[in-house]
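Protein chains: 4
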Amino acid sequence: MLRFESDYMEGCHPAILRRLQEINLDKNVGYGLDPYCESARSKICQACGTPDAQVHFLVGGTQTNMLVIDAMLRYNDGIIALETGHINVHESGAVEACGHKVMPVKGRDGKYDIDALEQWLKAFYEETTAVGIEHYVMPRALYLSHPTELGTLYTRRELMRLRELCDQYGLYLYLDGARLGYGLMAQGGDLTLPDIARYCDVFYIGGTKVGALMGEAVVVTNPNIELTRGLIKHRGAMLAKGWLLGVQFDTLFTGDLYLKISRNAVDQAMRLRRGMELKGYKAYIDSPTNQQFFVMSNNKMEELAQKAAFDYITPAGDGHSVVRFATSWATTSEQVDALLSLL
Amino acid sequence: MLRFESDYMEGCHPAILRRLQEINLDKNVGYGLDPYCESARSKICQACGTPDAQVHFLVGGTQTNMLVIDAMLRYNDGIIALETGHINVHESGAVEACGHKVMPVKGRDGKYDIDALEQWLKAFYEETTAVGIEHYVMPRALYLSHPTELGTLYTRRELMRLRELCDQYGLYLYLDGARLGYGLMAQGGDLTLPDIARYCDVFYIGGTKVGALMGEAVVVTNPNIELTRGLIKHRGAMLAKGWLLGVQFDTLFTGDLYLKISRNAVDQAMRLRRGMELKGYKAYIDSPTNQQFFVMSNNKMEELAQKAAFDYITPAGDGHSVVRFATSWATTSEQVDALLSLL
Amino acid sequence: MLRFESDYMEGCHPAILRRLQEINLDKNVGYGLDPYCESARSKICQACGTPDAQVHFLVGGTQTNMLVIDAMLRYNDGIIALETGHINVHESGAVEACGHKVMPVKGRDGKYDIDALEQWLKAFYEETTAVGIEHYVMPRALYLSHPTELGTLYTRRELMRLRELCDQYGLYLYLDGARLGYGLMAQGGDLTLPDIARYCDVFYIGGTKVGALMGEAVVVTNPNIELTRGLIKHRGAMLAKGWLLGVQFDTLFTGDLYLKISRNAVDQAMRLRRGMELKGYKAYIDSPTNQQFFVMSNNKMEELAQKAAFDYITPAGDGHSVVRFATSWATTSEQVDALLSLL
Amino acid sequence: MLRFESDYMEGCHPAILRRLQEINLDKNVGYGLDPYCESARSKICQACGTPDAQVHFLVGGTQTNMLVIDAMLRYNDGIIALETGHINVHESGAVEACGHKVMPVKGRDGKYDIDALEQWLKAFYEETTAVGIEHYVMPRALYLSHPTELGTLYTRRELMRLRELCDQYGLYLYLDGARLGYGLMAQGGDLTLPDIARYCDVFYIGGTKVGALMGEAVVVTNPNIELTRGLIKHRGAMLAKGWLLGVQFDTLFTGDLYLKISRNAVDQAMRLRRGMELKGYKAYIDSPTNQQFFVMSNNKMEELAQKAAFDYITPAGDGHSVVRFATSWATTSEQVDALLSLL
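Protein chains in written order, with the working numbering: chain A, 1 to 343; chain B, 1 to 343; chain C, 1 to 343; chain D, 1 to 343.
There could be a bad hint or two in this list.
The list treats identical chains as one, so a pair stands whether inside a single copy or across any two.
[Stated by the list, open to error] Subject to a maximum C-alpha distance of 27 Å in a straight line, what follows is the list of computed DSS-like cross-link-like pairs (lysine-lysine): (1) 27 / 43; (2) 43 / 279; (3) 27 / 300; (4) 27 / 260; (5) 122 / 300; (6) 307 / 27.
Bear in mind the hints are in silico, worked out from the structure with no lab data behind them.
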């Protein structure tokens with residue numbers, strides 16, 4: 001079975017496993033206070049161009065979203081997300097479990113329609129100010145994914161506009177980078193890590209989907225966001241052997257490994273896309289990253305499913321469906337070729 | 001200033017105040033264990049035709065919604081509401097403060113479009129079952145208001161269909177009756193208190209907006225919903241002098257007072273509507289209850305605002321707006337006539 | 001049956017009921033934005049000598065404690081209370097329901113042993129700083145009741161020392177004044193309302209037990225504590241007809257009514273105490289306020305229970321028990337005389 | 001520097017790392033639905049003699065305690081723990097973050113004094129039933145650690161008595177087995193894994209401290225406890241690459257590896273203890289497990305601290321302190337000998 005159903009099906013990059021092997025019987029202090037975490041933090045700050053940022057290593061994406069959002073919001077604060085945003089639909093209410101409301105707005109191609117968002121904010125503040133804001137969940141942060149759930153990317157100009165909107169309405173800007181590497185290495189993407197660090201108040205660099213066994217690195221550039229160690233422990237999210245995360249990110253941020261292996265996923269995705277377009281399949285959306293969405297006849301889909309695993313997304317009408325193939329840092333040319341040979 | 005901006009601007013029906021006066025210096029046990037609460041519970045059960053229902057008296061509507069929903073939901077359960085539902089937009093995230101997600105769906109005229117809801121549920125279960133329900137907030141209850149936020153009513157047949165849908169998908173059906181009396185006495189409404197008790201798992205009979213100083217009577221007909229006294233206290237919602245609520249509901253449910261005074265609000269609303277239609281104003285929606293919505297030119301609106309208070313709702317285009325006038329159990333013919341004379 | 005089992009068994013002072021009667025059919029804006037609340041806030045600020053304090057009116061004591069504490073604490077913050085503190089044992093976990101830990105310490109006579117508390121704080125900070133404070137709930141506030149659960153009082157000097165300790169350890173000082181009037185009017189008590197406002201960051205003036213139908217007035221003197229209207233609504237605690245609370249506190253803070261009626265409770269308690277001591281009963285604790293605790297033989301207790309209601313507190317050994325009699329603003333000399341005649 | 005300050009300073013048993021290496025580039029389904037988790041569950045059920053138990057793999061101990069307790073409690077339920085219990089003092093209020101109160105009681109040698117506990121329960125129910133249980137946090141579960149925080153063990157007879165108490169008072173019995181292996185292999189311990197599974201409603205088998213990189217295996221034997229996958233996700237605790245936990249526990253429960261490596265820690269601890277006793281040090285408590293507590297002069301302590309790391313616990317008076325040395329599955333004879341040579 002060829003497996004393309006997600007980008008977190010393998011373990012980790014071999015260089016990480018080697019280092020874990022090397023230090024396996026060394027004794028380390030716990031809870032992220034070890035030298036590996038220290039070194040990884042320093043390298044990440046350097047890569048982001050933000051020497052004073054706080055960096056925390058957490059185990060998974062939902063946990064990270066939950067904690068960052070809990071650190072940003074209070075009282076009747078809420079966070080704006082797309083209706084299709086990961087925190088709104090795929091995290092089992094983890095944000096609400098911390099007492100906060102996700103405020104869904106409509107988007108396009110997995111991204112905010114910034115003009116529409118601006119109108120929505122304007123109307124929301126007019127209404128709530130008139131009635132009395134105490135009756136409303138008031139937005140205090142804006143959540144976006146980059147790359148998005150549909151593999152698309154924000155441009156530098158778009159992120160700047162979102163930053164301006166956030167400044168205007170007193171919102172924190174939070175970028176979920178579960179697949180950040182695949183966005184940074186996409187052709188045509190113009191957002192760099194320092195750009196993201198400059199425009200966002202907080203974001204995370206995904207490890208689970210980009211080369212690590214597990215782990216996400218949260219970068220807090222706005223010191224008003226107190227993502228404290230106490231809060232992390234309070235939500236059961238502090239890893240005892242924190243150096244396991246430190247070693248992984250230290251490896252990924254040594255010699256551009258994070259970007260190099262991200263590049264592979266993008267390259268393989270582009271090969272897959274070109275191959276499929278040659279065979280006459282139509283892309284459902286123009287994704288320059290590791291997730292590729294195609295329209296496929298239901299017959300073909302069922303036939304393919306005998307030999308390859310992929311994600312069913314949604315009906316496309318007329319006996320067709322949208323399906324998703326995800327590549328990863330570990331995807332090989334052979335795997336993509338084998339998939340293409342089935343199509 | 002003539003005031004029609006809401007239906008909870010007066011104190012309480014004089015009969016209630018008389019009884020509070022009579023017993024003011026009597027000594028009563030606290031926390032709702034007094035004979036007045038006992039008597040009121042019994043009268044409410046009788047009026048609902050549900051001798052075994054549990055009845056709790058709470059102070060306000062948001063508190064009541066929060067507690068009922070907290071009692072119904074657990075883990076990653078959510079509650080479905082209209083996008084315009086009170087719990088979704090006007091309660092400052094009180095449901096989320098208890099850790100639960102409100103799941104908004106689109107409606108029409110303040111009501112569920114039941115066919116659309118059925119499709120939504122079907123699609124939701126198909127998707128989530130395929131992916132793994134643990135990643136989703138799963139609906140466990142359905143919230144509706146009757147009368148709705150737009151003054152409209154569900155029919156008996158509609159409530160039966162919602163009940164069937166709830167049975168099919170394992171949902172509790174919860175009816176927010178903040179203005180229930182005004183629905184029960186509306187012309188053309190065919191839902192009775194026993195109907196509501198039969199089709200819903202839990203609902204509340206509003207007092208704050210219908211004759212009481214404060215107070216809502218929650219009626220739990222499904223014994224699986226454990227709205228315990230401990231939970232009420234746990235959320236800071238147990239009134240020390242619980243008899244204050246008992247006396248009020250006991251008075252309202254003696255000799256049909258609740259229905260009689262509700263009738264007045266509806267009658268005055270109908271007089272207002274006929275008067276306005278005679279003057280050429282167009283109803284924005286066909287509401288048979290105490291809230292009346294009209295389209296009015298912005299000029300007229302500003303002029304009227306000098307002498308009367310009412311609610312601005314939304315722009316209606318072309319220099320017009322939608323405005324709301326609310327009558328109550330205490331509204332007099334003189335007040336309505338005075339308002340009409342300004343129009 | 002003579003009833004002395006608690007101090008919240010009657011309705012409200014007749015002057016309050018008169019005013020509620022007078023304005024019953026007036027129309028008021030909701031949610032505490034009415035002129036009665038405004039006037040009451042102003043009178044309370046004046047009585048406290050704190051023109052800039054924020055004053056909120058809430059319905060009950062547990063709700064008030066829950067909200068004030070939720071406003072003070074964040075992340076892994078906790079609040080110190082006596083083991084016997086109301087929030088620790090009698091509020092059904094309402095503080096924990098908001099995600100915060102109550103940190104119990106031992107006291108004496110219902111009060112903090114300030115030397116012991118100082119030692120406890122010192123030891124706690126030494127241990128937690130050594131291990132890493134992120135593993136601990138860290139105290140951020142100190143809770144005390146005045147009068148205490150045992151009717152005792154803090155002196156001005158004691159409150160000053162607690163203030164100093166709080167300053168030293170970065171704690172908010174919060175005083176629960178459910179029975180505050182009875183403490184202010186106690187003989188020998190030297191703490192005034194302005195003292196309390198000066199030394200505490202936040203406190204509340206109890207209405208439910210001191211003359212009101214219901215209601216507590218929270219006074220926030222430290223502007224860093226953001227007890228916002230949004231938070232109040234978020235926890236389901238905002239009363240729709242907020243003026244009901246405003247009118248009550250406005251009445252109580254007009255012409256010293258609050259203090260005058262508190263005085264009555266204390267006077268009757270003192271009469272009761274003297275009477276009982278003359279009959280040979282021994283006070284269990286030296287309470288100068290409206291709660292009086294005595295040691296009584298179990299035989300006498302059972303006999304008395306036929307004709308009078310009171311609270312059983314705890315065994316006293318040797319066939320005796322500790323019992324409590326509570327007077328209130330409404331207790332009459334006749335009631336006390338009748339009780340004494342049974343003893 | 002010789003390091004004996006905790007038992008989670010190394011990575012994992014080499015056999016685990018080998019297997020992670022072998023399967024590193026295989027593709028697995030996520031979220032614990034992989035064959036490794038399946039196999040590990042089956043082996044654990046067999047080792048526990050409970051074929052129908054539910055087994056969940058979680059990442060860490062605080063997370064596990066938080067989730068198990070959240071699954072057991074509702075409304076105003078609480079969980080009883082020792083004052084020194086891990087959930088009460090070392091988990092940063094993670095239980096309270098889920099809305100539940102930890103109810104501390106006094107113990108002895110890190111264990112419940114079962115007679116005292118019985119008295120406490122009896123008195124608690126008498127008081128609360130008299131006053132009204134809705135005002136109290138009511139215990140619904142009992143938490144214990146085995147081995148305890150002081151390295152001591154419960155006997156089979158003691159666990160049976162706790163089970164009886166729990167049955168009598170309607171409590172779930174929950175055993176925190178963060179160091180369970182070290183208890184199972186202790187000399188003189190008579191509790192087996194099947195015993196624990198029989199007497200407890202839920203418990204966990206610690207991996208983080210016993211041979212794994214990270215991970216705890218929760219075993220739920222009482223089907224009334226719904227520790228659902230949805231709840232795990234709702235609290236941000238579902239590991240994307242769940243097979244990482246499955247592989248580890250599958251390895252540990254193949255060929256008794258878990259017990260064998262636990263045995264090493266106990267053996268080294270006993271060697272350390274005998275060696276120290278020969279040198280005249282006195283054990284602070286009689287611990288048969290991997291944590292050894294000794295009384296040491298402060299001078300010696302400071303001298304030793306130059307060359308060895310260990311835990312300071314508490315003052316012992318007279319210029320002495322209590323210190324702790326922890327061995328682990330990875331501790332070697334050479335390390336213990338080197339430590340002894342410094343003493």
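Measure nothing new, just compare the shortest in-copy and cross-copy C-alpha distances for residue 27 and residue 260 to 27 Å and report within, between, both or neither. Between copies only: 21 Å across chains, 31 Å inside a chain, cut-off 27 Å.
Between copies, within a copy, both or neither: which fits residue 122 and residue 300 at Cα up to 27 Å? between (47 Å within a copy, 25 Å between copies)
From the Cα coordinates, with 27 Å as the cut-off, is the pair residue 43 and residue 279 best called within, between, both, or neither? neither (43 Å within a copy, 48 Å between copies)
Up to 27 Å CA-CA - residue 300 versus residue 27, copy category: between (54 Å within a copy, 23 Å between copies)
For the identical chains here, do residue 27 and residue 43 meet the 27 Å Cα criterion within one copy, between copies, both, or neither? Within one copy only: 23 Å inside a chain, 30 Å across chains, cut-off 27 Å.
Cα distance capped at 27 Å. Does residue 307 pair with residue 27 within a copy, between copies, both, or neither? between (46 Å within a copy, 14 Å between copies)
Checked against the numbered hints given earlier, this structure breaks only hint 2.
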